[in-house]
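Can you build the whole structure from these sequences, using the hints too?
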Amino acid sequence: MGTLSIGCFSSLVGSKSLDFTLKLAKAAVDKGHKVNLWLSGNATVVGKAHQKHLKDYSTGEKPILELLEKGVEICECEACALARGIQKPDAIPGIQWNAMHWYLAKIYSSDRVLHIGGE
Amino acid sequence: MADLKSQTPAQVLDVLGRVCPYPLVLSKKALEKLPSGAILKILCDAPASAEDSLPRFAQDKGYPCEVVKLDNSWELYIQKP
Amino acid sequence: MADVKIACVVQRPPYKSETSTLGFTHAISSQVVEMLLEDGQNVIPTMCMVGEGIFNLLNNQKAMENYGVTSIESHGKNALLCDLDILVCKEDLVTFGIAEDRLLDAEDMGADKKLQIVPYSEIQKVMESSAHLLFF
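Chains as they are written, first to last, in our numbering: chain A, 154 to 272; chain B, 11 to 91; chain C, 37 to 172.
These aren't lab readings, by the way, just hints derived from the structure by calculation.
Each hint should be verified, as a subset may be incorrect.
Distance ranges between label pairs, derived from CB positions [said to hold, decoys possible]:
no.: 1; chain 1: C; residue 1: 39; chain 2: A; residue 2: 238; range: 45 to 55 Å
no.: 2; chain 1: B; residue 1: 26; chain 2: A; residue 2: 168; range: 32 to 42 Å
no.: 3; chain 1: B; residue 1: 70; chain 2: A; residue 2: 243; range: 26 to 36 Å
no.: 4; chain 1: C; residue 1: 155; chain 2: A; residue 2: 224; range: 24 to 34 Å
no.: 5; chain 1: A; residue 1: 166; chain 2: B; residue 2: 70; range: 20 to 30 Å
no.: 6; chain 1: B; residue 1: 44; chain 2: C; residue 2: 105; range: 40 to 50 Å
no.: 7; chain 1: C; residue 1: 145; chain 2: A; residue 2: 218; range: 19 to 29 Å
no.: 8; chain 1: C; residue 1: 137; chain 2: A; residue 2: 247; range: 18 to 28 Å
no.: 9; chain 1: A; residue 1: 246; chain 2: B; residue 2: 79; range: 15 to 25 Å
no.: 10; chain 1: A; residue 1: 246; chain 2: C; residue 2: 158; range: 43 to 53 Å
no.: 11; chain 1: C; residue 1: 39; chain 2: B; residue 2: 42; range: 29 to 39 Å
no.: 12; chain 1: B; residue 1: 22; chain 2: C; residue 2: 146; range: 39 to 49 Å
no.: 13; chain 1: A; residue 1: 237; chain 2: C; residue 2: 49; range: 14 to 24 Å
no.: 14; chain 1: A; residue 1: 237; chain 2: C; residue 2: 71; range: 20 to 30 Å
Using 35 Å as the maximum straight-line C-alpha spacing, the simulated DSBU-like pairs for lysine-lysine come out as follows [said to hold, decoys possible]:
no.: 15; chain 1: B; residue 1: 38; chain 2: C; residue 2: 52
no.: 16; chain 1: B; residue 1: 90; chain 2: C; residue 2: 150
no.: 17; chain 1: C; residue 1: 161; chain 2: B; residue 2: 79
no.: 18; chain 1: A; residue 1: 241; chain 2: B; residue 2: 71
no.: 19; chain 1: C; residue 1: 52; chain 2: C; residue 2: 41
no.: 20; chain 1: C; residue 1: 150; chain 2: A; residue 2: 169
no.: 21; chain 1: C; residue 1: 41; chain 2: B; residue 2: 38
no.: 22; chain 1: A; residue 1: 205; chain 2: C; residue 2: 52
no.: 23; chain 1: A; residue 1: 169; chain 2: C; residue 2: 41
Glycine is no exception: its CB is placed at the ideal position from the N, C-alpha and C atoms.
Spelled out as structure tokens, the structure:
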């Protein structure tokens, strides 16, 4: 089994790139791969807790909690989150907060890297 | 251990308002230019940098480091051995 | 495994989104990634500016004056100061009619590195020899 690192830069309810990222991460971890997920730029909003799941729109909190439960390492870019007014106490428990060298360090030991989104 | 914050720093690096990667990269560059024994004082308000990456960098290098928490920012004192 | 090479391919134009800025800052963060790795390990990025991405490299940007944010020119200068390789697609400069003297440099900051204007074939080689590609 391999290690997949995904850097996601796309926002919730902005495009389907974020939804795709979360589904892909789940598919990979269900196959037994190690998965790391870096949330940066607009993707940091999905790390905020207490999201309301509206049937007509994409949702992130539940899939994120499922991924954390399955052992996926998820890290939020602190700078991008703070710039958007998201404070650490607001974050979904279990999500790490770090700087972008976390992503590069995960890239170092990854078999595959997918860099998804960004407007 | 010497009380770094009570000594006069050779340089004050203001990275207030800057976020990763700049607090650490600029600190690293500043330390490279300082002579042995000099103290770099860093003004920083990015939590990940002030509480994690800067102290960790100093520890990895074996540089004495002190961190002072202020209201909304930090002062870090790193000495080049 | 010692170093892992990555290519940060920047295609998006400046200021329309923060994507190209993130390209620069991610590459610059390679300066400090070693503290999260074992001794002797490192990630080495090469920035490849292609298509509309070359507009990020124009000099005399006024983002701080007009928007109160660090200009992408400043990020580019910092990248050169950190000795990162920034390859610029020669064909795209010609396509967009951008003269080389309209591009940034970091000599005033004491940088040794300059932008490298190369044919696309050289950028292709870098992409092919990189372990991972990150598109911004």
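To see whether the hints hold, each was checked on the structure:
1. 39(C) <-> 238(A): 45 to 55 Å: Cβ of residue 39(C) to Cβ of residue 238(A): about 38 Å, so the range 45 to 55 Å is violated.
2. 26(B) <-> 168(A): 32 to 42 Å: holds, 34 Å
3. 70(B) <-> 243(A): 26 to 36 Å: holds, 31 Å
4. 155(C) <-> 224(A): 24 to 34 Å: violated, 45 Å
5. 166(A) <-> 70(B): 20 to 30 Å: At roughly 41 Å between Cβ atoms, residue 70(B) and residue 166(A) fall outside 20 to 30 Å, so the hint is violated.
6. 44(B) <-> 105(C): 40 to 50 Å: violated, 30 Å
7. 145(C) <-> 218(A): 19 to 29 Å: violated, 45 Å
8. 137(C) <-> 247(A): 18 to 28 Å: Roughly 51 Å apart at Cβ, these two residues miss the hinted range, so it is violated.
9. 246(A) <-> 79(B): 15 to 25 Å: Given about 24 Å between the Cβ atoms, the range holds.
10. 246(A) <-> 158(C): 43 to 53 Å: Hint holds: Cβ distance 47 Å, inside 43 to 53 Å.
11. 39(C) <-> 42(B): 29 to 39 Å: violated, 20 Å
12. 22(B) <-> 146(C): 39 to 49 Å: violated, 19 Å
13. 237(A) <-> 49(C): 14 to 24 Å: holds, 22 Å
14. 237(A) <-> 71(C): 20 to 30 Å: Distance hint for residue 237(A), residue 71(C) holds at roughly 27 Å.
15. 38(B) <-> 52(C): Status holds; Cα separation ~31 Å.
16. 90(B) <-> 150(C): holds, 30 Å
17. 161(C) <-> 79(B): violated, 48 Å
18. 241(A) <-> 71(B): Satisfied, since the Cα-Cα distance of roughly 28 Å is no more than 35 Å.
19. 52(C) <-> 41(C): Answer holds: residue 52(C) to residue 41(C) is near 28 Å, not above 35 Å.
20. 150(C) <-> 169(A): violated, 39 Å
21. 41(C) <-> 38(B): Given pair residue 41(C), residue 38(B) holds - Cα atoms ~22 Å apart, limit 35 Å.
22. 205(A) <-> 52(C): Holds - the C-alpha atoms of residue 52(C) and residue 205(A) are around 29 Å apart, at most 35 Å.
23. 169(A) <-> 41(C): holds, 30 Å
Figure legend: structure checked against the earlier numbered hints; hints not met, in rising order: 1, 4, 5, 6, 7, 8, 11, 12, 17 and 20.
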